[in-house]
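Per the working numbering, the very first residue in the sequence shown carries number 5; after that it's consecutive.
Certain hints may be false.
In the SDA-like style, the derived pairs of lysine to any residue whose C-alpha atoms are separated by at most 25 Å in a straight line are [what the hints assert, rightly or not]: (1) LYS88 to GLY46; (2) LYS69 to SER91; (3) LYS88 to ILE107; (4) LYS43 to LYS95; (5) LYS69 to GLU44; (6) LYS85 to LEU47; (7) LYS125 to THR6; (8) LYS16 to ALA27; (9) LYS43 to ILE107; (10) LYS69 to PRO28; (11) LYS61 to HIS40; (12) LYS43 to ARG127; (13) LYS43 to ALA20; (14) LYS85 to GLN73; (15) LYS43 to TYR81; (16) LYS80 to LEU92; (17) LYS85 to TYR100; (18) LYS80 to SER65; (19) LYS16 to THR48; (20) LYS16 to LEU26; (21) LYS43 to LYS61.
Calculated directly from the structure, the hints in this document are not laboratory data. Just so it is clear, the structure is predicted and the values come from calculations on it, not from any experiment.
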Amino acid sequence: MTFFLQIHRFHKRYTAQLSAILAPHELSNANWSLLHYLKEHGLTTTSQIAKYWDVEKPTVSANVKTLTQHGLIQIKYGEDKREKYLSLTEKGEGLYELITPEIMLLQQRLLSTLTETQQQKFRQALNEMEQLLKEGSS
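The whole structure should be built from the sequences, with the hints applied where relevant.
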């Protein structure tokens, strides 16, 4: 099996397990990523998230709409009404705290097969390959 096929299969299986954790809460993986980002970074804009995720703003906006409708995030407008700041609501904070332990358990189980040194080398290798892909697309 090639290295990249193995990465693809791992990603597919990981996202399937993540989806199984999120499904009872009617969340997609992208919804979870947005909740997690807001929890980690606090008040932020869709532009900041789009840049961090390396996606177009409409991708973020679709997730914002879903999570706003579910009462999980709130939008605050800046002085310029086009400027929207996102944050978790109390309900969003509660759901994040409810789901996080199960996701952390999954991730810890997967990482337990690697030593700390192996994890660092793996992260470094992924960062370097990601940088090559970014450079190749510009």
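Tested hints:
no.: 1; hint: LYS88 to GLY46; result: 13 Å, holds
no.: 2; hint: LYS69 to SER91; result: 13 Å, holds
no.: 3; hint: LYS88 to ILE107; result: 29 Å, violated
no.: 4; hint: LYS43 to LYS95; result: 12 Å, holds
no.: 5; hint: LYS69 to GLU44; result: 20 Å, holds
no.: 6; hint: LYS85 to LEU47; result: 16 Å, holds
no.: 7; hint: LYS125 to THR6; result: 19 Å, holds
no.: 8; hint: LYS16 to ALA27; result: 16 Å, holds
no.: 9; hint: LYS43 to ILE107; result: 15 Å, holds
no.: 10; hint: LYS69 to PRO28; result: 19 Å, holds
no.: 11; hint: LYS61 to HIS40; result: 18 Å, holds
no.: 12; hint: LYS43 to ARG127; result: 22 Å, holds
no.: 13; hint: LYS43 to ALA20; result: 23 Å, holds
no.: 14; hint: LYS85 to GLN73; result: 20 Å, holds
no.: 15; hint: LYS43 to TYR81; result: 19 Å, holds
no.: 16; hint: LYS80 to LEU92; result: 11 Å, holds
no.: 17; hint: LYS85 to TYR100; result: 28 Å, violated
no.: 18; hint: LYS80 to SER65; result: 14 Å, holds
no.: 19; hint: LYS16 to THR48; result: 29 Å, violated
no.: 20; hint: LYS16 to LEU26; result: 15 Å, holds
no.: 21; hint: LYS43 to LYS61; result: 19 Å, holds
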